[in-house]
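Peer 1: Now for the letters of each chain:
2 protein chains.
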Amino acid sequence: MEQIYINTAKMLKAMSDPKRLRIVDMLSCGELCACEILEEFHITQPTLSHDMRVLVEAGIVMDRREGKNIYYKLDKETLDRMYQTLGKVFEDKPDCICHKCRKN
Amino acid sequence: MEQIYINTAKMLKAMSDPKRLRIVDMLSCGELCACEILEEFHITQPTLSHDMRVLVEAGIVMDRREGKNIYYKLDKETLDRMYQTLGKVFEDKPDCICHKCRKN
DNA sequence: ATGATACATAGAAAAATGTCAATATGTTTT
DNA sequence: AAAACATATTGACATTTTTCTATGTATCAT
Numbered sequence: 259m260e261q262i263y264i265n266t267a268k269m270l271k272a273m274s275d276p277k278r279l280r281i282v283d284m285l286s287c288g289e290l291c292a293c294e295i296l297e298e299f300h301i302t303q304p305t306l307s308h309d310m311r312v313l314v315e316a317g318i319v320m321d322r323r324e325g326k327n328i329y330y331k332l333d334k335e336t337l338d339r340m341y342q343t344l345g346k347v348f349e350d351k352p353d354c355i356c357h358k359c360r361k362n
Numbered sequence: 259m260e261q262i263y264i265n266t267a268k269m270l271k272a273m274s275d276p277k278r279l280r281i282v283d284m285l286s287c288g289e290l291c292a293c294e295i296l297e298e299f300h301i302t303q304p305t306l307s308h309d310m311r312v313l314v315e316a317g318i319v320m321d322r323r324e325g326k327n328i329y330y331k332l333d334k335e336t337l338d339r340m341y342q343t344l345g346k347v348f349e350d351k352p353d354c355i356c357h358k359c360r361k362n
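Order-wise, the sequence lines are chains A and B.
Sequential numbering from 259 applies to the first sequence in my numbering.
Sequential numbering from 259 applies to the second sequence in my numbering.
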């Protein structure tokens with residue numbers, strides 16, 4: 259399987275949970291620390307910590323420590339690339355496998 | 259959790275598997291029957307059948323029977339709406355929760 | 001009708017995921 | 001140094017997902 263599908267699928271998977279998708283939405287306009295995010299959900303702190311790690315490892319979110327807090331923000335460049343890639347996946351393409359099939 | 263996140267997350271989840279994402283890519287330029295898709299993967303027929311059902315149930319793909327074959331194609335309208343929604347999730351928004359947090 | 005072809009369903013096993021309570025780590029405050 | 005605070009890690013358990021083999025169903029060809 260080509261790497262592009264693997265990478266993109268990993269990011270999609272990270273956002274394929276309603277609460278993680280909402281977290282991305284919350285982060286889309288700026289940084290938030292874990293405690294601010296936690297307030298919006300009925301989950302325990304370790305659960306959020308795990309969810310944030312999923313987003314960070316997918317490359318969607320970046321984290322930094324400031325004193326006691328960890329601040330999270332979107333990696334807009336990565337997210338943008340992913341969005342563009344996804345657009346291409348949805349688009350018609352002249353070299354698509356289905357055209358090969360149709361020749362038979 | 260708001261329905262928009264639930265619906266969108268469900269579609270993302272359906273595409274969060276590399277092979278299913280590739281199937282969407284293959285379908286982006288036209289219809290294909292199950293056997294044509296199957297040729298491109300090293301999976302059994304029941305596995306593909308299951309994957310296609312995931313895509314259909316997410317609303318991403320439509321199916322129809324023609325003789326012995328089942329043809330699959332993308333539901334472009336649904337996919338387009340999802341893509342637009344995702345774009346809005348990634349965008350900065352004036353009414354974002356993070357602005358509320360920042361006021362405190 | 002029979003057999004062949006294309007796909008779906010059922011059942012099962014292994015792997016991944018989601019979630020929690022308990023505890024550890026790093027940072028600030030006192 | 002001790003306490004308090006914010007977050008991470010560990011270990012456990014339940015649920016979901018992935019994938020297979022075996023079997024069922026629908027359609028076509030003979």
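No lab work stands behind these hints: they were computed from the structure.
Some clues are possibly wrong.
Simulated pairs of lysine to aspartate or glutamate, EDC-like, Cα-Cα distance not exceeding 20 angstroms [as the list claims (entries may be wrong)]:
#: 1; chain 1: A; residue 1: Lys-351; chain 2: B; residue 2: Asp-350
#: 2; chain 1: B; residue 1: Lys-346; chain 2: A; residue 2: Glu-324
#: 3; chain 1: A; residue 1: Lys-331; chain 2: B; residue 2: Asp-309
#: 4; chain 1: B; residue 1: Lys-331; chain 2: A; residue 2: Glu-335
#: 5; chain 1: B; residue 1: Lys-268; chain 2: B; residue 2: Asp-321
#: 6; chain 1: B; residue 1: Lys-331; chain 2: B; residue 2: Asp-309
#: 7; chain 1: B; residue 1: Lys-271; chain 2: A; residue 2: Asp-309
#: 8; chain 1: B; residue 1: Lys-346; chain 2: A; residue 2: Asp-350
#: 9; chain 1: A; residue 1: Lys-277; chain 2: B; residue 2: Glu-349
#: 10; chain 1: A; residue 1: Lys-268; chain 2: A; residue 2: Asp-309
#: 11; chain 1: A; residue 1: Lys-268; chain 2: B; residue 2: Asp-350
#: 12; chain 1: B; residue 1: Lys-271; chain 2: B; residue 2: Asp-309
Not the full set, but computed from the structure, chain A residues with beta-carbon under 10 angstroms of chain B [to be verified]:
#: 13; residue: Lys-268
#: 14; residue: Met-320
#: 15; residue: Arg-322
Quick reminder that beta carbons are idealized off the backbone N, C-alpha and C, glycines included.
Peer 1: Evaluate each hint against the coordinates.
Peer 2: Here's how the hints hold up against the structure:
For a cut-off of 20 angstroms, the pair hint linking A/Lys-351 to B/Asp-350 is broken: about 31 angstroms separates their Cα positions. Taking the CA atoms of B/Lys-346 and A/Glu-324, the gap is near 29 angstroms; set against the 20 angstroms cutoff, the hint is violated. At roughly 33 angstroms between alpha-carbon atoms, A/Lys-331 and B/Asp-309 are farther apart than 20 angstroms, so this suggested pair is violated. Between B/Lys-331 and A/Glu-335 the CA atoms are separated by roughly 31 angstroms; this puts the pair beyond 20 angstroms, and the hint is violated.
Distance restraint check for B/Lys-268 and B/Asp-321: the Cα-Cα separation of roughly 19 angstroms lies within the 20 angstroms cut-off, and the hinted pair is therefore satisfied. For a cut-off of 20 angstroms, the pair hint linking B/Lys-331 to B/Asp-309 stands: about 14 angstroms separates their Cα positions. A threshold of 20 angstroms between alpha carbons decides the hint, and for B/Lys-271 with A/Asp-309 the separation of about 15 angstroms falls inside it, so the pair holds. A threshold of 20 angstroms between alpha carbons decides the hint, and for B/Lys-346 with A/Asp-350 the separation of about 23 angstroms lies outside it, so the pair is violated.
The suggested pairing of A/Lys-277 with B/Glu-349 holds, with an alpha-carbon distance near 17 angstroms, which does not exceed 20 angstroms. A hinted pair counts as satisfied when its Cα atoms are at most 20 angstroms apart, and A/Lys-268 with A/Asp-309 qualifies at roughly 14 angstroms. Distance restraint check for A/Lys-268 and B/Asp-350: the Cα-Cα separation of roughly 23 angstroms exceeds the 20 angstroms cut-off, and the hinted pair is therefore not satisfied. Restraint check for B/Lys-271 and B/Asp-309: satisfied, since their Cα atoms lie roughly 12 angstroms apart, inside the 20 angstroms limit.
The interface hint given for A/Lys-268 is met, as the beta carbon of that residue sits about 8 angstroms from the closest beta carbon of chain B, less than 10 angstroms. With a cut of 10 angstroms, the hint placing A/Met-320 at the interface with chain B is violated, because the nearest CB-to-CB distance is about 15 angstroms. The beta carbon of A/Arg-322 comes no nearer than 16 angstroms to any beta carbon in chain B, farther than 10 angstroms, and the hint placing it at the interface is violated.
Checked against the numbered hints given earlier, this structure breaks hints 1, 2, 3, 4, 8, 11, 14 and 15; the rest are met.
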